[in-house]
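The residues making up each chain are set out below.
Number of protein chains: 4
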Amino acid sequence: MEEFHHERDKLREECGVFGIYGHPEAARLTYLGLYALQHRGQESCGIVASDGVLLRSERAMGLVSDVFDEERLNRLSGASAIGHVRYSTAGEVSIREAQPFLVACQHGQIAVCHNGNLPFASEERRALEREGAIFSSTSDTEVVLHKLARSHAASVIEAIPEVLRDTEGAFSMLFLTPAALIAIRDPRGFRPLALGRLGDAWVIASETCAFDLIDAQYVRDIEPGEMVVINDHGLRSSHPLPHRQHAFCIFEHVYFARPDSIIFGRSVNESRHKMGKRLAIEHPADADIVVPVPDSGVAAAIGYAAQSGLAYRHGLVRNHYVGRTFIEPKQSIRSFGVRVKLNPVRDLLRGRRVVLIDDSIVRGTTSKKIVRMVREAGATEVHVRISCPPTIGPCFYGVDTPNKSDLIAARMSVEEIRDFIEADSLGYLSLEGMLEACGFSPDVACVACWTGRYPTRITREAETMYEREHEPVP
Amino acid sequence: MEEFHHERDKLREECGVFGIYGHPEAARLTYLGLYALQHRGQESCGIVASDGVLLRSERAMGLVSDVFDEERLNRLSGASAIGHVRYSTAGEVSIREAQPFLVACQHGQIAVCHNGNLPFASEERRALEREGAIFSSTSDTEVVLHKLARSHAASVIEAIPEVLRDTEGAFSMLFLTPAALIAIRDPRGFRPLALGRLGDAWVIASETCAFDLIDAQYVRDIEPGEMVVINDHGLRSSHPLPHRQHAFCIFEHVYFARPDSIIFGRSVNESRHKMGKRLAIEHPADADIVVPVPDSGVAAAIGYAAQSGLAYRHGLVRNHYVGRTFIEPKQSIRSFGVRVKLNPVRDLLRGRRVVLIDDSIVRGTTSKKIVRMVREAGATEVHVRISCPPTIGPCFYGVDTPNKSDLIAARMSVEEIRDFIEADSLGYLSLEGMLEACGFSPDVACVACWTGRYPTRITREAETMYEREHEPVP
Amino acid sequence: MEEFHHERDKLREECGVFGIYGHPEAARLTYLGLYALQHRGQESCGIVASDGVLLRSERAMGLVSDVFDEERLNRLSGASAIGHVRYSTAGEVSIREAQPFLVACQHGQIAVCHNGNLPFASEERRALEREGAIFSSTSDTEVVLHKLARSHAASVIEAIPEVLRDTEGAFSMLFLTPAALIAIRDPRGFRPLALGRLGDAWVIASETCAFDLIDAQYVRDIEPGEMVVINDHGLRSSHPLPHRQHAFCIFEHVYFARPDSIIFGRSVNESRHKMGKRLAIEHPADADIVVPVPDSGVAAAIGYAAQSGLAYRHGLVRNHYVGRTFIEPKQSIRSFGVRVKLNPVRDLLRGRRVVLIDDSIVRGTTSKKIVRMVREAGATEVHVRISCPPTIGPCFYGVDTPNKSDLIAARMSVEEIRDFIEADSLGYLSLEGMLEACGFSPDVACVACWTGRYPTRITREAETMYEREHEPVP
Amino acid sequence: MEEFHHERDKLREECGVFGIYGHPEAARLTYLGLYALQHRGQESCGIVASDGVLLRSERAMGLVSDVFDEERLNRLSGASAIGHVRYSTAGEVSIREAQPFLVACQHGQIAVCHNGNLPFASEERRALEREGAIFSSTSDTEVVLHKLARSHAASVIEAIPEVLRDTEGAFSMLFLTPAALIAIRDPRGFRPLALGRLGDAWVIASETCAFDLIDAQYVRDIEPGEMVVINDHGLRSSHPLPHRQHAFCIFEHVYFARPDSIIFGRSVNESRHKMGKRLAIEHPADADIVVPVPDSGVAAAIGYAAQSGLAYRHGLVRNHYVGRTFIEPKQSIRSFGVRVKLNPVRDLLRGRRVVLIDDSIVRGTTSKKIVRMVREAGATEVHVRISCPPTIGPCFYGVDTPNKSDLIAARMSVEEIRDFIEADSLGYLSLEGMLEACGFSPDVACVACWTGRYPTRITREAETMYEREHEPVP
Ligand SMILES: Nc1ncnc2c1ncn2[C@@H]1O[C@H](COP(=O)(O)OP(=O)(O)O)[C@@H](O)[C@H]1O
Ligand SMILES: Nc1ncnc2c1ncn2[C@@H]1O[C@H](COP(=O)(O)OP(=O)(O)O)[C@@H](O)[C@H]1O
Ligand SMILES: Nc1ncnc2c1ncn2[C@@H]1O[C@H](COP(=O)(O)OP(=O)(O)O)[C@@H](O)[C@H]1O
Ligand SMILES: Nc1ncnc2c1ncn2[C@@H]1O[C@H](COP(=O)(O)OP(=O)(O)O)[C@@H](O)[C@H]1O
Ligand code: SF4
Ligand code: SF4
Ligand code: SF4
Ligand code: SF4
Ligand SMILES: [Mg+2]
Ligand SMILES: [Mg+2]
Ligand SMILES: [Mg+2]
Ligand SMILES: [Mg+2]
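Residue numbers (the working numbering), protein chains in the order written: chain G, 197 to 670; chain S, 197 to 670; chain A, 197 to 670; chain Z, 197 to 670.
No wet-lab data here; the hints were simulated from the structure. Heads up, some of the hints might be wrong.
Unchecked claim - Think about it this way: if two alpha-carbon atoms lie no more than 25 Å apart in a straight line, the pair counts; the simulated BS3-like pairs of lysine-lysine are: (1) A/K537 x Z/K537; (2) S/K537 x G/K537; (3) G/K473 x G/K206; (4) S/K537 x S/K206.
Same shape as in the complex, but just chain G (with noise of 0.2 Å):
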């Protein structure tokens, strides 16, 4: 008998970054944003606060209301502080890869949080290693680090633009000096970061949701490109990267953030809810209800509802206290860790012919495990409607995809998928359905997971690389 960890078959955004300057709780104010940004990471945390002159730390594996309490965040005293949540890409689960990283250097103390993905780090991170550096952990953040470190630039706030300027990749980043709190984001923008004040103090965060929480206002995003200096003058903004062409990442919009944030300067909720729609008139259905995959196919259920006619349901129960390994029976229970999670209301599918909305497929599993459920509910025909299309390639920019052998489209067709999921039939929004419901244009949109078409150069290392580091572990 042993614990079961619930089943992964969904796409992992890696991380969530909040940053604060100015405010006599900084720590506390970190707390609370990380905790509306758990979603974008939930096997590590931690916060880094300044005083003015130290910079402290406190990091964990575990989830943001697990890992603090009173004494740890009244060890962070000050009033600026950055703070981390983080998934696990492969290889290493340890508290060695838990961010904010913090080092001393030249240019004194400075500590980082990094959402995204630099491809060429590991070519980098060679180079450094021949030129005599060390490494702490796995993390390609480093590189930047040491970077940053070996600049003869006057300031870490001259470095960082200097040291970034060349670097390929995705990258919203938050920098803490004893004094200054620096907020960074790659030219094409993949990953979002937005701005908000919060009275006298301002905040950074990944979603805006955070913002929500504390009683912040969302002001405007950091724009790709550009930097923002925050310290005791003010807030200076300069856009010392290259210009490239953006890159929004769209499956923010489709699944990973959370629909109450304004991702991009577009709300979420407002995305899906097309989504929804655009799909009901591309993949219409002969069906009696509409019932989403909760929560994440909510928005676009009640879009595909409205704009079929048909009525929407709320066909699946999500259990409310979900958590992290669970003791599995000894006895095979069907679907067993699906169910955990969802359970079906039985009095709603029996007998009706379903439309059942989810953002993405992709294993196949966990599809496959939810329409048998539904069907041994009662359910006569289930209809599956997916928010985006054929996902096909792995992502280099922040996001943990399975290895690409694992994607069952870039394997099958959709109708052998069909076939696979068990569904009566099978409708993915086309790329440009997606894209206008997201109201981007494909020149500033990433779409690379979809169409393998990606907006850096990928050498063929990290391509391979990328094999290798998602092999399972010996």
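Following the hints, position chains S, A and Z with the ligands against chain G.
What follows is chains S, A and Z with the ligands alone, placed relative to chain G:
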């Protein structure tokens, strides 16, 4: 700075029970059953298992998934088990109150767990004390154990109906002895109790959602006044209690039970959906969208939207990581308590006239915060609709109600409440509407907390006691 | 690979008790008192405090310093308190057995904690069960609570002597009611109980070392057969129990008590020192050095060395970090269990003829390992001297003894034991020598576990029961 | 009311190290080795293990037996491992400082743990920072890692001597790479490092008591200036470091090491015993009994008693359950801090003239409390004897010393100290006496903290820095 305890501005079910007989993984399946019933009690949980000779017990404060690990489950060997999740009513929050209770007496070892309340227990307790009984808890369940122990019946199985025959009140109870699992339900059937089958094993639970998780089949309800004895000779049913008019707790359908459960033989989701429809008829609103207070308002909101033709929108997001305690910031954040749980989707609410659907209003303070939050998010009008009548009296049948003076509807008219919660309009579902939506005739329903007409005698003392018990602990 | 539980090859005191009346920090001082009494019981601990109106309880498995934190102590408000540390005897290891017990009955709330044992409790328990009593634990202490509750005496204070008047056995008991602290000791005075003063407050403890830690003054012992009632009118003493010949447990002086305690009015250290001197006279050894098995053997070893003129050396080091469980290596390490606790000082032992002083031999397995370890460290001869006679019988008065068949001295002659433990010679202190060293006349001492002559009736049943209870749990 | 942290009025060894190569249970034996070395560091502990390909790390704050469980040890697969226990020096108490450090560089993965101190590390650190290095801890050990990483040597094994050749200071270091275990000791040999054998495996530890627990045989010391490389080809020794006059830390024999260890090839117990004898000659006392401050004073007190002919008595009892933190009562208890650890045996001290033997006096506050406690217990005279000379200077070689101004002997004469601690007389062992007792010639011994003459250069800056670092953290 202190820890923030999520505000409870809700009536609270006091308990959930689960039992199983004849399965090698009895304790483990009880653990799963309790996990599915967690919403019925989050303060403590416990399991007692029998190996045919000896009963063993594990109880602790906390959530099922936190309390039980492999080691603890392994100590609970045997093929039968009962389990319990519990809220505290008042006074002591202590392991001493956690059920199942396990005692030894002349009839051998007996374990018991109870969902319900015995309004005359205090009187009987004093009588028993006069006869020399000692009480290890403040629970009325312990009174039943004492009476069993004093019975001269040949065995526990004979003693149970003897003892409960004249007991007024609500009891859906499970007993475990080394050789048998016994379930009994009071003659009015206030609280639910369902019987299911898992292969050759029998299972019993407060709600059928517990069966779903373990792939058991719902067979039927344990009937009001019925006693079921399960042992190695199979299941034996009898009706040893005096016949009474049924009094099913309608609040189970309004709020307590999970929507995916069948309660009193009727789908909870269906009841709620119809309540929403009736509400739309009784209290239409000139508005743009219908928004539930999630999750309990969802089914009724869908019904309201369906009936009214207004658009259903998911305008409030429920945080996935809502826990028990939370470190609050020192500075005041408006509606902090509500925000930790709910966040508005601004783009949906902005500029819209909103119908907000919730199940009930207890103190009114939470409703006021939600209305404010929705308005601050940009709603131009907020019309609150409640899927039951005004709650005006305490429950004496196993539900934790605040003092009568704290029930806003016991002190104020609907118009005054509307003013207090700052809504533009407020409509409560009528008693008839509610009953009709649930499909129960008034003869078989308890609606005492809405009407003040209690199905059992309520001694003056019980009422006074009630008030006293619910005074703030000094 | 499994966890290693430190071998218990010792008799074990089953409990320690502490009480205080009239101090604003009652619970906190009880915590300190229990900390000083920790050696008397390491499995569970608990405190009940009274604020004059209400008794509150905190109990848990584990060590005093691990179980109690600020939060827990703060819940125990009030100026009087009692506390308990406990070992399990046999069977169940469970929070259900942890004392103090707190119950309510016709006399109001009563808490009790007990050091001792009531050999006839099982009989009385069955009688009570026949009259309808329920038992929440397997403890004989609960029998006393039932009898109190059944008493028609005017109050708990009158009921206590009434109930205990005819109770055979060992009991040093503390009772707490909202308004009073009551201490009572059985007429033979098997187990110790001391009275002390801390400013205006009264304190009571199993050993005087508990007074030392809190700066209280030892006043006198609670006498055998004495009952002391402390309330707002002060301390009132009475002798309500029938007079009996005293039977002080001599094993307290041999092993259980801390050497810095005064037990039965006599310094434990002094007794042990004199035991060592007598041992040197009764069993001299032709050797080079005298080495104690620390810490219990230290005082006797110093006495032995002083008397014999041999050099005293600290040839075995006791690890400071001895804990409860330990992860053992898979490969066998010789005498691993003993080594985790003790390590030889090789340069002291090498080439020397060693007299090894320990307090007692129970099963003999530990002694054998120690002798081997000393020999492997280079000792040329090992002469074992034990500061009491061979232990041949179980204790029925509050000490956990292994089954008679596991007591090596019940099965083997001294020469056979010597052979078994591989010593060059073995000498036990004589009964007279031991008593004389302690300064007690045989009339006032219990020496039953060495002689088999028990001061109380021991029913056949009690003996049989004893054997059964100590069979390995299946 | 706050928690009470046991007063530290002692110099503190900063670390203990353990390594093993060639055993299938490498991590588990390292765990046991660290358990035996726990007294050398109680703040944090860690193990890094190698499976021949990959190094894995587990570190945490806390005691070895609390930190490691089956799950954690199982993650550390492989046949070689190194481990570390650690105190903090000053400043940050953080997981960031816990060793072993594990990094990756151009030479692959390297783990290191270090007992000692590098007085010039701060300078080198700044130099490295100027060259672009980043530091994740405040430890001087990290400087060595950077220099290794920068070395153009062919491998780590070549790089180690290259880097350490010119490093002034104290280092008994273990390195682990996927394929080798490397041990190196500075040319003066300040800190101990012993080599042992366990079947075919090699083991290395700070003290030989770690070998005893796992049944390994002490082979010899790693010599000052020696480097030992152990891999699949066996053990290879070399002496790559410049020759220097030896400087064995005599304080290891006075206090730090366990008495059952062999340190610098000499039994610690023997040294202490002889120190006691010398002390009796140098500072006789007209007294009745000799009493150690346990446990560190025991061996010297036995020696003192043996030499002087005075009676040895165990007049102070050390509590078995001394832990790290403790909840203090609000009311003042005299000498509370000392009492939690030590309690007087009154009957031994009463009316006696006592010679009290301790190893050293640091601040003097603890000695004062002990003298008072002994006197309150009834001693008529208290003569303090210390088994080393007055400690007048800080240690720069791996021992945590308070600020010079806090060392009582740096400010006061012996007579003034006697007066401060309220002793009737006070005698310190002479330098010659101490050295002779240990059997070391002054040429091979470090005695700097007693004489102020340091075996290495000590830059002005180092001294200043030292003072600064030990200022109270603001
Ligand atoms: N584990 C669960 N899974 C799904 N729904 C649940 C669960 N527990 C409770 N519910 C439903 O959710 C409602 C309560 O949740 P919610 O409305 O979010 O919180 P609140 O109790 O504060 O109103 C109940 O009506 C119940 O039907
Ligand atoms: N804390 C949260 N509160 C509300 N919604 C959330 C939260 N975290 C994540 N979400 C939303 O829920 C979705 C993920 O939840 P869900 O669909 O229930 O699980 P899964 O990740 O298994 O699909 C995301 O799309 C996100 O928008
Ligand atoms: N685990 C151990 N087992 C036995 N002796 C130890 C252990 N750890 C430390 N010691 C010895 O005990 C001495 C320190 O303990 P002690 O004197 O009781 O405390 P303090 O450090 O406060 O002086 C050290 O000299 C050391 O030799
Ligand atoms: N907290 C304590 N402080 C000092 N001495 C103690 C303490 N607890 C127990 N003792 C003494 O130590 C003895 C038991 O310890 P020891 O001999 O080391 O272990 P064991 O119980 O295995 O024989 C007892 O005789 C008791 O007198
Ligand atoms: S590849 Fe996909 S997941 Fe990654 S950034 Fe682009 S759109 Fe987002
Ligand atoms: S009074 Fe209300 S809550 Fe109580 S049983 Fe009746 S309907 Fe249910
Ligand atoms: S039988 Fe032995 S242990 Fe028990 S009370 Fe008598 S002397 Fe003490
Ligand atoms: S200065 Fe003192 S403590 Fe430091 S190494 Fe030298 S003798 Fe040891
Ligand atoms: Mg989802
Ligand atoms: Mg709700
Ligand atoms: Mg002992
Ligand atoms: Mg000491």
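Against the structure, the hints:
{"no.": "1", "hint": "A/K537 x Z/K537", "verdict": "holds, 19 Å"}
{"no.": "2", "hint": "S/K537 x G/K537", "verdict": "holds, 19 Å"}
{"no.": "3", "hint": "G/K473 x G/K206", "verdict": "holds, 23 Å"}
{"no.": "4", "hint": "S/K537 x S/K206", "verdict": "holds, 14 Å"}
Checked against the numbered hints given earlier, this structure breaks none of them.
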